[in-house]
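If you read the sequences in order, they're chains A and B.
Note that the working numbering has the first sequence beginning at -4, numbered continuously upward.
Note that the working numbering has the second sequence beginning at 142, numbered continuously upward.
Hint data in this document are derived by calculation from the structure and do not stem from the laboratory.
Fair warning: there could be bad hints in the mix.
In silico EDC-like links for lysine to aspartate or glutamate, alpha-carbon gap of 20 Å or less [to be verified]: (1) B/K421 <-> A/E40; (2) A/K71 <-> B/E434; (3) B/K429 <-> A/D63; (4) B/K429 <-> A/E40; (5) B/K498 <-> B/E351; (6) B/K421 <-> A/E85; (7) B/K488 <-> A/D63; (8) A/K71 <-> B/E400.
Restraint-style ranges between C-beta atoms, simulated for each label pair [claimed, not checked]: (9) A/G104 <-> B/P391: 56 to 64 Å; (10) B/Q190 <-> A/A43: 33 to 41 Å; (11) A/V114 <-> B/D469: 34 to 42 Å; (12) A/P50 <-> B/L433: 33 to 41 Å; (13) A/R32 <-> B/E494: 19 to 27 Å; (14) B/Q190 <-> A/D63: 46 to 54 Å; (15) B/E390 <-> A/A76: 45 to 53 Å.
Sample of chain B residues with no beta-carbon within 12 Å of chain A, all distances over it, derived [claimed, not checked]: (16) P301; (17) P350; (18) N411; (19) P489.
For every residue, glycine included, the Cβ atom is placed at its ideal position computed from N, Cα and C.
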Amino acid sequence: MKRWLLLVLLAPAAQACELPGGPVQSINSANVAIAYRMAPLRVGEHFAVEFAVCPAPDSVTLDAWMPDHRHGMNYKPAVAALGGGRYRAEGLMFHMPGRWELVFEVRAGGRTERLAQSVRLE
Amino acid sequence: MRFWFGLLLAAVQSAQAFSDAEVRAIASHGPWPPAFRADPSNRVSGNPQAIDLGERLFFERRLSADGEQSCSRCHLPERNWTDGEQRARGIALVDRNTPSLSNVRLQRWFGWDGAHDSLWSQAIRPILDAKEMGSSAARVAKLLRADADLSCRYRKVFGPPAAQDEKLLVDAVKAIAAFQETMTSGRSAFDDFRDALVKGDKAGVANYPESARRGLAIFIGRGSCNTCHVGPAFTNGEFHDTGIPFFIEPGRVDPGRREGIKKLLADRFNLLGPYNDDRKQSTATGTKHVVLEHRNFGEFKVPSLRNLALTAPYMHNGRLETLREVVDHYSNISPDRLHSDGEAILKPLKLGEGESKDLVAFLESLQDGGNNYRRVALAADCR
Chain A
-4 MKRWLLLVLL APAAQACELP GGPVQSINSA NVAIAYRMAP LRVGEHFAVE
46 FAVCPAPDSV TLDAWMPDHR HGMNYKPAVA ALGGGRYRAE GLMFHMPGRW
96 ELVFEVRAGG RTERLAQSVR LE
Chain B
142 MRFWFGLLLA AVQSAQAFSD AEVRAIASHG PWPPAFRADP SNRVSGNPQA
192 IDLGERLFFE RRLSADGEQS CSRCHLPERN WTDGEQRARG IALVDRNTPS
242 LSNVRLQRWF GWDGAHDSLW SQAIRPILDA KEMGSSAARV AKLLRADADL
292 SCRYRKVFGP PAAQDEKLLV DAVKAIAAFQ ETMTSGRSAF DDFRDALVKG
342 DKAGVANYPE SARRGLAIFI GRGSCNTCHV GPAFTNGEFH DTGIPFFIEP
392 GRVDPGRREG IKKLLADRFN LLGPYNDDRK QSTATGTKHV VLEHRNFGEF
442 KVPSLRNLAL TAPYMHNGRL ETLREVVDHY SNISPDRLHS DGEAILKPLK
492 LGEGESKDLV AFLESLQDGG NNYRRVALAA DCR
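Input sequences plus hints: build the corresponding full structure.
Structure, rendered in structure tokens:
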């Protein structure tokens, strides 16, 4: 019993998230884990992001902005739920080179958590 | 002594190789020219017979209400497909400068405000606009049905004409777009330099003028011009407020992209509409997802810089007459004029006299060897 309790305490609150189909990148917080995948990015080209959220949330949005420039994208992505905590976001475009931030907003149990990932585009 | 030291310093600086990051930045502006890719939204894109018909329609004055206007009235081949005027003039004076059509097929949005999402739907606007050609679907359809030669060529491309005038109008602009897709600029001194740099060809690199090379270093360095002027066409295809006044005349403003998005979404010829030949609508991603924001007010499209030296005057309203004036504008731009909630990108470059000349020299090095358009000899009568 003591051993079980110790394991629970040592385990990350958010377990590793899986997204079948190849290598992924991940973002974790204490409560949420996100695994995501996107094709190589090019300035001025639309792209999609496939991702999984663990545990499966009530809803999730994805957006991006350039913190140094204080502006976002010129496009609003649409996120489609694929089932089982998996999603596909379409309509993103980074229209400038530089540092962007992908921002996932995860809503679960009446709480919203924001997870951000920096992406540098040459 | 100071003079000789300055010369020596300049020589050392010019001999310095570009860093790896700078080489990658320079390489990103090529290769040139890009391969042709047919436009899926236009079923006659790349079709030689459609190009032939489109070329005839591009120069055809009978499409206009007064019989005097044509696409070529403002888009002159010898001026890199613009007109050299501050603001375009068709039947009446238009509010904006005539944009060049050179390399237009590489664009995502069309017009200074991007109110159109395809090359062919863009061509409808000047044909119908009362200030430009003042025409109508009925006039265009009547010409295509009644003129024996045009009617024959139309049938060869599209088959028997439909009963609806609007369908003929759309076919006509798709043929015009097919012709416009052939307007590609040639290779420039910069392209030779860029390719030599990528290959490690020192002799080729040495052929590029030192002044242009210093200007290029400013362009991709302190100037950060390549933040918006990206890629082989030197544009990200998007929209920015660069501090050019909004006023067309006292009491009348040009809202730019903000109005352009509204027009785009209301346009029944857009890529979400029935005339898109791309059934999967893979071409309509931008239109589906574009978002209207307050900051779009006063934004205008980032133009390509290729053959820039041939397209004076500059900016959406043609208020800057020379390349030097454009460089001076960015050198002295007022941050107070730009949106406070907008981009923190533009700041005065405060270029010295030599730096300004170098930047102009670089921009001039983007010019190709000369006008490569030759109107094809008119083929025999269509049968």
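Taking 56 to 64 Å as the hint, is the beta-carbon distance of A/G104 and B/P391 inside that range?
holds (58 Å)
Honestly, do A/R32 and B/E494 meet the 19 to 27 Å range at C-beta?
violated (51 Å)
Next pair to validate is B/K421 with A/E40; report whether the Cα-Cα distance is within 20 Å.
It holds: about 18 Å lies between the C-alpha atoms, which stays within 20 Å.
Would the least Cβ to Cβ distance between B/P489 and chain A come out above 12 Å?
holds (17 Å)
Okay, B/Q190 versus A/A43 on CB: inside 33 to 41 Å?
Hint holds: Cβ distance 37 Å, inside 33 to 41 Å.
Is A/K71 within 20 Å of B/E434, Cα to Cα?
holds (11 Å)
Does B/E400 sit within 20 Å of A/K71, going by the straight-line distance between their CA atoms?
Answer holds: A/K71 to B/E400 is near 18 Å, not above 20 Å.
Could you grab the alpha-carbon distance between B/K488 and A/D63 and see if it respects the 20 Å cut-off?
holds (14 Å)
Quickly compare the C-alpha distance for B/K498 and B/E351 to 20 Å and report which way the hint goes.
holds (12 Å)
Quick one: are A/P50 and B/L433 within 33 to 41 Å, going by C-beta?
holds (35 Å)
A/D63 and B/Q190 - C-beta distance against the hinted 46 to 54 Å:
Hint holds: Cβ distance 50 Å, inside 46 to 54 Å.
Taken at face value, is the distance from the CA of A/D63 to the CA of B/K429 at most 20 Å?
With Cα atoms ~27 Å apart, B/K429 and A/D63 exceed 20 Å; violated.
Of the numbered hints given earlier, the model fails hints 3 and 13; all others are met.
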